[in-house]
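Could you build the full structure based on these sequences and the hints that come with them?
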Amino acid sequence: MTTSGLINAFDIAPTGTAQSIDWGELATKMPVLDDGHYLWVHLDWMTEGVHDWLMDIAGIDPTIATNLATRGTRPSVFFYDHGFSMNLRGVNLNAENDPADMISVRFWLSENIIITLRNQPLKAFDDIRNAIAQGTAPRSPDDFILTVAERLAYRVENVVRDLEEDVEAIEDDQETVTEGKTLPLRMRGSDIRNQLSRLRRHLAPQRDALGQFVEHKPSWADKRFKRRARALADKTIRLVEEFDSLRERIQIVNENLMALETERMNRTMYWLTVIAGLFLPISFVTGLLGINVGGIPAADSPWGFVGVVVILSAFVALEVWLFKKMRLI
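In terms of the numbering used here, the sequence shown opens at residue 1 and continues consecutively.
Since the hints were made in silico from the structure, they are not lab data. A few of these clues could be false.
[Said to hold, decoys possible] Mimicking DSS-like on lysine-lysine, the simulated pairs with C-alpha atoms at most 30 Å apart in a straight line are:
| no. | residue 1 | residue 2 |
| --- | --- | --- |
| 1 | K223 | K123 |
| 2 | K29 | K217 |
| 3 | K235 | K123 |
| 4 | K235 | K223 |
| 5 | K235 | K217 |
| 6 | K123 | K226 |
| 7 | K123 | K217 |
[Stated by the list, open to error] Simulated restraints, written as ranges between beta carbons of each label pair:
| no. | residue 1 | residue 2 | range |
| --- | --- | --- | --- |
| 8 | D222 | N256 | 45 to 53 Å |
| 9 | D222 | Q251 | 38 to 46 Å |
| 10 | G24 | D222 | 33 to 41 Å |
| 11 | W23 | N97 | 22 to 30 Å |
| 12 | E261 | F78 | 45 to 53 Å |
| 13 | P121 | E261 | 40 to 48 Å |
| 14 | E263 | T63 | 58 to 66 Å |
Predicted model only: the values in this text are computed from it and were never measured. Note that CB positions come from ideal geometry on N, CA and C, so glycine has one too.
Given below as structure tokens:
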């Protein structure tokens, strides 16, 4: 693997301080750590040679290495005799990217070694590097995994809050939208539903993976970490429920807007039907009088046209009176 595949590596002490490790120390063997220290290696899984490094230098089973450095993974957690792997997703906050295009992050933890892999920058790892720079890095592997997962969930929660504000704005706008002007509002709602669906598609299995992580992890460095993990799993459950709630609210708004358009269409069709009903008898009479044969009444009379107009006007007035009496108009 070339040095471009290594994003960073740190030897982290139990005090929260860390020492950077360059590629030269990792290219051929894993470094020897002091007691209580753990190693964090952060890689770009799309770089050529990462898969081979995971197997040959890190000593990871080929099947596990393939799962860590392959496309198309979904959030999951798998436990093995010598460690566990975890795949999570984080919102994409990189410039000119849609947050719903969630970024896959993979973890491998074995004793005092943590290997993380991603293919695009994630703010959660920026938080870890900032903590390392301040000498307040996570003090154990369990603390590290939970801190990254919590930062991922925190940013998902921020995206949910923004979407909730957008939904509330659409709900407010529907109160003042006029008939025939609902299309822009419905398009806004459709965009939000699309984002919610894509986010939920990744977050629902992530909820399940975190639940399995809490229940099936063999041991914890501290019971507090298990409580943190359970709180994180509960937060993820609430976020999925929030996605469902927002989708339902958008659906209700869309149904209201469609009902408004349907009412407008029905009213238009109603008046077209009334007008057609008024003019149908008149059209019949004028069509009958317009046939080019003999015997048309008053065809030679100078008052024939006026008489027909008066009769038809009276007929229309009678129809209007009947429609009103029948409460059709």
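The hints, checked one at a time:
no., hint, verdict
1, K223 / K123, "holds, 27 Å"
2, K29 / K217, "holds, 28 Å"
3, K235 / K123, "holds, 19 Å"
4, K235 / K223, "holds, 19 Å"
5, K235 / K217, "holds, 19 Å"
6, K123 / K226, "holds, 24 Å"
7, K123 / K217, "holds, 26 Å"
8, D222 / N256: 45 to 53 Å, "holds, 51 Å"
9, D222 / Q251: 38 to 46 Å, "holds, 44 Å"
10, G24 / D222: 33 to 41 Å, "holds, 34 Å"
11, W23 / N97: 22 to 30 Å, "holds, 28 Å"
12, E261 / F78: 45 to 53 Å, "holds, 50 Å"
13, P121 / E261: 40 to 48 Å, "holds, 44 Å"
14, E263 / T63: 58 to 66 Å, "holds, 60 Å"
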